[in-house]
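Novice: Chains A and B are the protein sequences, given in the same order.
Just so you know, the first sequence maps onto residues 1 to 245 in our numbering.
Just so you know, the second sequence maps onto residues 1001 to 1245 in our numbering.
There may be inaccurate statements among the hints.
[Said to hold, decoys possible] Here are the simulated BS3-like pairs of lysine-lysine, each with C-alpha atoms no more than 27 angstroms apart in a straight line: (1) Lys1195(B) - Lys146(A); (2) Lys1146(B) - Lys195(A); (3) Lys239(A) - Lys1195(B).
No wet-lab data here; the hints were simulated from the structure.
Letter by letter, the chains look like this.
There are 2 protein chains.
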Amino acid sequence: MEIKDRRTIRRYKAEDVPQTLIDRLLGEAARAATMGNMQLYSVVVTRDEELKRGLAPLHFNQPMVMAAPVVLTFCADFHRFTQWCQQRDADAGYDNFLSFINAASDTLLFTENFTTLAEAEGLGTCYLGTTVYQPQGIIDLLKLPKLVFPIATITVGWPDEMPEQTDRLPLESFVHHDTYHDYSAEAIDRFYTLKESLPENQHFVEVNQKQNLAQVFTDCRYTRRDNEALSEGMMNALKKQGFLK
Amino acid sequence: MEIKDRRTIRRYKAEDVPQTLIDRLLGEAARAATMGNMQLYSVVVTRDEELKRGLAPLHFNQPMVMAAPVVLTFCADFHRFTQWCQQRDADAGYDNFLSFINAASDTLLFTENFTTLAEAEGLGTCYLGTTVYQPQGIIDLLKLPKLVFPIATITVGWPDEMPEQTDRLPLESFVHHDTYHDYSAEAIDRFYTLKESLPENQHFVEVNQKQNLAQVFTDCRYTRRDNEALSEGMMNALKKQGFLK
Chain A
1 MEIKDRRTIR RYKAEDVPQT LIDRLLGEAA RAATMGNMQL YSVVVTRDEE
51 LKRGLAPLHF NQPMVMAAPV VLTFCADFHR FTQWCQQRDA DAGYDNFLSF
101 INAASDTLLF TENFTTLAEA EGLGTCYLGT TVYQPQGIID LLKLPKLVFP
151 IATITVGWPD EMPEQTDRLP LESFVHHDTY HDYSAEAIDR FYTLKESLPE
201 NQHFVEVNQK QNLAQVFTDC RYTRRDNEAL SEGMMNALKK QGFLK
Chain B
1001 MEIKDRRTIR RYKAEDVPQT LIDRLLGEAA RAATMGNMQL YSVVVTRDEE
1051 LKRGLAPLHF NQPMVMAAPV VLTFCADFHR FTQWCQQRDA DAGYDNFLSF
1101 INAASDTLLF TENFTTLAEA EGLGTCYLGT TVYQPQGIID LLKLPKLVFP
1151 IATITVGWPD EMPEQTDRLP LESFVHHDTY HDYSAEAIDR FYTLKESLPE
1201 NQHFVEVNQK QNLAQVFTDC RYTRRDNEAL SEGMMNALKK QGFLK
C-alpha cells in the first residue's frame, strides 16, 4: 500500500508477522531524521497474550490490541543516551520539557517511517492515539524507566479488510503561503461541508441526539472535561518519568 | 530516494521546486493517520526571500533556510477545528496540554509522510529540529494565531550533494521485547562503539578539547543550561498560544 492509498486496518488475519520482518522494517525506519543523530526512541514489541490483555484497557479496549499479532509501543527515550553520558563522566541535562519534545519528535518520525515501510510490505496498521491518554499505566506495564515515555502505539498484522479511504479536508484548508491566513466563516463552512455531509457522520449526529457533527466531537468524543483530566494525568506522568524535573 | 537509502540533504541546486509538486505531495501526505480524522496541522510555505531572512536567525542561521527554494513550517493546529466548533455552537475544549500533544503528533506523522514522498520524487530535505527552540519568534513572524504552534521545519530542494549515510545504533539497542530491558554498562559501551570510533566524531572531541564524544554533546552541543532555558521559553510560548490555559 502506497502512502496515497493508505487506510487504517483494524482487522487482521490470524497469520503471524515474523519478527525478522519487523526487525528489518524497524532498522530501515531508523533512517528517519533524528536530533543530532541521538536516536531518542525505543520500541517495545508486544506479542504475549497476557501483556496484550494488560495493554488493552489502557487503550480503552480497542479490539485491535488483542486482534493484532504484534503491538508496537514507540517511546521517547532519553534514558539510553543519558546512561551513555553518565558512563562517560558527561553531565546529561535532558530531564526537561524541551528534551521530551525532542525525543517525542524523533519517535514520531521513526514511527511514521515504520508505518510506511510496513504498509509497503502489505501489512496493515492502526495508530492508537490513546497511548498518551493513560501513559502511567503503560509505563508501569512495560516497565519503562525514567526518561522513557510512551508516545505512539501501532498494531500490525496482515489485513483482513480493505475499508474505503476516509475523507480529508481540502488542501487549501491546511496550506498557507508566506504567513498564516486566518479563516473566514465562509471558508470554514466550505472546508467542512464534505465531512458534515457524509452519511456515517449524519448517523453519529442522530444517534447522539446532537444538533451537528461538531457537537459530536465536543460533547461525546473529545470533551473539555476529559481533555483537561487527561492533560493533568499526562503532566503527572511526565514529571514522574523525570521530564519536567 | 527510498527510506532505507535516505540522507539529509543540505545543499540544493538553484532550480525551483514547483508549487504544484509541493501541493500534490502535501495532499498525499495528508493520508497519514490523524486523531479522530481531525487533521490537526497546518503548513506554512515560505519562498519569499524577506521571510526566509526572518526565519534564518530563528534557526540559528543554519544555511539551508536561505539556500533551499522552499521552507515548510509544519504547525500543530487546533485553531481551525476550534473555529469550526465555534461556528456550530459546540464547546471546543482544546486549549490544554493533551490537545497540544495530539496536534503535535498529527503534525509529525504528516511531516514525515511529506518527507518520504518528497524524497521518493528525487527532492532532498533537511529537518530543522530548531523549530521548537525559539517558537515565539516563528509564531510572530508567520503570524500564527492561538492554538497554532510550530513543530517542525523542512527545507526542500533538488539535491546538490550526495553525502554518506550517517551511522545508526544497532537495532538491539532500541528494540525491546515484552517489556523494557534496562541496559548493562557493557551493552551501552558496545552500542556506542561505532559512533565513538568515527574519525569525524574523534575530530569533534579534539577540537572541543573534551575527553570523549558524550562530553561534546553535554558540554557543547546540547547543554543542560541551554535545554533548561529553551524549555522555559517553549512553555511560555505554549501558554501564550493557549495550549496550557
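Novice: Tell me if the straight-line CA distance from Lys1195(B) to Lys146(A) falls inside 27 angstroms.
Specialist: Answer holds: Lys1195(B) to Lys146(A) is near 24 angstroms, not above 27 angstroms.
Novice: Check the hint pairing Lys1146(B) with Lys195(A) against an upper bound of 27 angstroms on the C-alpha distance.
Specialist: Holds: Lys1146(B) and Lys195(A) sit about 24 angstroms apart, inside 27 angstroms.
Novice: Please work out if Lys239(A) and Lys1195(B) have their alpha carbons no farther apart than 27 angstroms.
Specialist: 31 angstroms, violated
Checked against the numbered hints listed earlier, the structure breaks hint 3 alone; every other hint is satisfied.
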